[in-house]
Amino acid sequence: MKRKQIFSLVLALLMGCSILMLSGCNGGETETTSSGAESGTTSSGSSGTTFDLPTEYNFNGESILIKAFGGYGFAKEGASEISDVEIEWKAAVEKAYNCKLEMETLIPNDTQVSLVIRILGGEKVADVISCHRLDVEKMRISGNLLADLNTLEGLDVSDERWNEGLTEAMTYNGKTYGIFPDRPDIQSGLFFNKDLMESLNLESPYQYVMNKEWTYDKFIEYCEAATSGDRYGVAFDNDALLTMFHNNGMQLITKQEDGTMKYTAYSQENIDTISYLKEKLVTNKLSPEELPITDYHTMFKEGKLLFMTGPDAYMVTESQWGSCDFEVGFLPMPIGPNGTDYSYLLQQWPPVLCVTSTNEDTTKAVALLRAILACEDVTGPMRWDDIENRWFGTDTEGFEIYKMLQPKAYYDWAIYDVGLLDVMYQPVMVFKQAETPIAATMEGDKDRLAAMVDDIYNKNMK
Numbered sequence: 298m299k300r301k302q303i304f305s306l307v308l309a310l311l312m313g314c315s316i317l318m319l320s321g322c323n324g325g326e327t328e329t330t331s332s333g334a335e336s337g338t339t340s341s342g343s344s345g346t347t348f349d350l351p352t353e354y355n356f357n358g359e360s361i362l363i364k365a366f367g368g369y370g371f372a373k374e375g376a377s378e379i380s381d382v383e384i385e386w387k388a389a390v391e392k393a394y395n396c397k398l399e400m401e402t403l404i405p406n407d408t409q410v411s412l413v414i415r416i417l418g419g420e421k422v423a424d425v426i427s428c429h430r431l432d433v434e435k436m437r438i439s440g441n442l443l444a445d446l447n448t449l450e451g452l453d454v455s456d457e458r459w460n461e462g463l464t465e466a467m468t469y470n471g472k473t474y475g476i477f478p479d480r481p482d483i484q485s486g487l488f489f490n491k492d493l494m495e496s497l498n499l500e501s502p503y504q505y506v507m508n509k510e511w512t513y514d515k516f517i518e519y520c521e522a523a524t525s526g527d528r529y530g531v532a533f534d535n536d537a538l539l540t541m542f543h544n545n546g547m548q549l550i551t552k553q554e555d556g557t558m559k560y561t562a563y564s565q566e567n568i569d570t571i572s573y574l575k576e577k578l579v580t581n582k583l584s585p586e587e588l589p590i591t592d593y594h595t596m597f598k599e600g601k602l603l604f605m606t607g608p609d610a611y612m613v614t615e616s617q618w619g620s621c622d623f624e625v626g627f628l629p630m631p632i633g634p635n636g637t638d639y640s641y642l643l644q645q646w647p648p649v650l651c652v653t654s655t656n657e658d659t660t661k662a663v664a665l666l667r668a669i670l671a672c673e674d675v676t677g678p679m680r681w682d683d684i685e686n687r688w689f690g691t692d693t694e695g696f697e698i699y700k701m702l703q704p705k706a707y708y709d710w711a712i713y714d715v716g717l718l719d720v721m722y723q724p725v726m727v728f729k730q731a732e733t734p735i736a737a738t739m740e741g742d743k744d745r746l747a748a749m750v751d752d753i754y755n756k757n758m759k
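Here the sequence shown is numbered in the numbering used here, starting from 298 and rising by one per residue.
By construction, these hints were calculated from the structure, which means they are not laboratory data. Note that beta-carbon positions come from the ideal geometry of N, C-alpha and C, so glycine has one too. Check the hints yourself; a few may be wrong.
With a straight-line Cα cutoff of 30 Å, these simulated DSBU-like cross-link-like pairs (lysine-lysine) come out [to be verified]:
no., residue 1, residue 2
1, K582, K515
2, K743, K729
3, K729, K577
4, K743, K491
If you anchor each label on the Cβ, the simulated ranges turn out as follows [as the list claims (entries may be wrong)]:
no., residue 1, residue 2, range
5, D622, E450, 25 to 35 Å
6, K392, T595, 48 to 58 Å
7, D407, T448, 27 to 37 Å
8, D407, M507, 26 to 36 Å
9, D514, R745, 33 to 43 Å
10, S572, T655, 47 to 57 Å
11, E450, N508, 24 to 34 Å
12, D658, T551, 31 to 41 Å
13, E518, I414, 52 to 62 Å
Turn these sequences into a full structure, and let the hints guide you.
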């Protein structure tokens, strides 16, 4: 078992804590609204947890409905420390607002049935919908189905506790359709086998990261040193590859100032980026042949890869790196010669809060969104403590890198669930498949992919 796992197990026994990442809430302000009750700022849960709730709302026992995948105080008591706090928060909101919080379960990946059709039929659906970014995009491009959150009285979308990058990604021509509290969630990280690195007498790569010296060439050096026999330097998942290309300037689809989308993957600069990395990593066989991602995971756990990519939660997922018998380190994807900073990709899965355009009285929506911020003010630090102690243990350098990387998400509009899988997969395909020509393939497909982007995102926009 890894040293960090032993450390974490002891810590978990001492603290009696096991925190889940699923759920959602974070802090409130104090403004007066026209809804009733005396203005106040705080409310306490049953065990004394204090939430900074705006208590000027009084809904006279009426219900506030959130449509969500789960969480928000509706989990079973004892499921986790965070879910217990959310249960307290739910009770505190109901007391402070004189209301009843109710939840309707959202069916994952079923937006066309569970959301779009109902809204097109004039239904309010819920006071607030908690969904994925792909759901917001489906509702947005299906018509004028979502409210501009900038127009909701009493809601400040510029509050620094909302995730600024996500808010910007969800804003089109001045209209903001989705927000969510800031929280750690890195989808394309680079993991490495610390024990293997030591046995190869390689210096810790941590020293290069903070000075932005963790570059393509330095990364390739490490892969070359690790490759021998049936052992390779690195294997990639698709999001990590796109992130590495982005770290040299590639954006598959770019949002224009007027909110329209433009296909931008095809350019000589991007072809050069992919060509360079393919020659070094694929042609020179520093990466294994194209295999199912689960095979790469097995190779990493068996010590046959120095580097492996994936979502941050793999650090503690028992079927992933949580079951490794060696120490695992964490890094950002390297920066290319034309790049300026590290990043990680968030495409369709980031959580988003939104309000339908069929919601004629948004007072309850604003009250709930402000209350969600108040919950996240309490649970957010708990998540960070969990990541520091359980995910990284004694690896303080890795945790500092994680904190540095967390605000550096980038959002691309090549979302496969809206019909843009070809745009997303093409750069990955021409990189991974040794015999597939890069320039000719991308040149031959550029007009089709540009038309696809225009058809999906631009033609029906109002």
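Going through the hints against the structure:
1. K582 - K515: holds (17 Å)
2. K743 - K729: Distance ~19 Å between K743 and K729 Cα, so the pair holds.
3. K729 - K577: This hinted pair holds, its Cα atoms lying about 12 Å apart.
4. K743 - K491: Outside the cut-off at roughly 41 Å; violated.
5. D622 - E450: 25 to 35 Å: Roughly 57 Å apart at Cβ, these two residues miss the hinted range, so it is violated.
6. K392 - T595: 48 to 58 Å: Holds, since K392 and T595 (Cβ atoms, about 51 Å apart) stay within the stated range.
7. D407 - T448: 27 to 37 Å: holds (28 Å)
8. D407 - M507: 26 to 36 Å: violated (43 Å)
9. D514 - R745: 33 to 43 Å: Holds, since D514 and R745 (Cβ atoms, about 34 Å apart) stay within the stated range.
10. S572 - T655: 47 to 57 Å: Distance hint for S572, T655 holds at roughly 49 Å.
11. E450 - N508: 24 to 34 Å: violated (47 Å)
12. D658 - T551: 31 to 41 Å: The hint (31 to 41 Å, Cβ to Cβ) holds, given that D658 and T551 are roughly 37 Å apart.
13. E518 - I414: 52 to 62 Å: Cβ of E518 to Cβ of I414: about 54 Å, so the range 52 to 62 Å holds.
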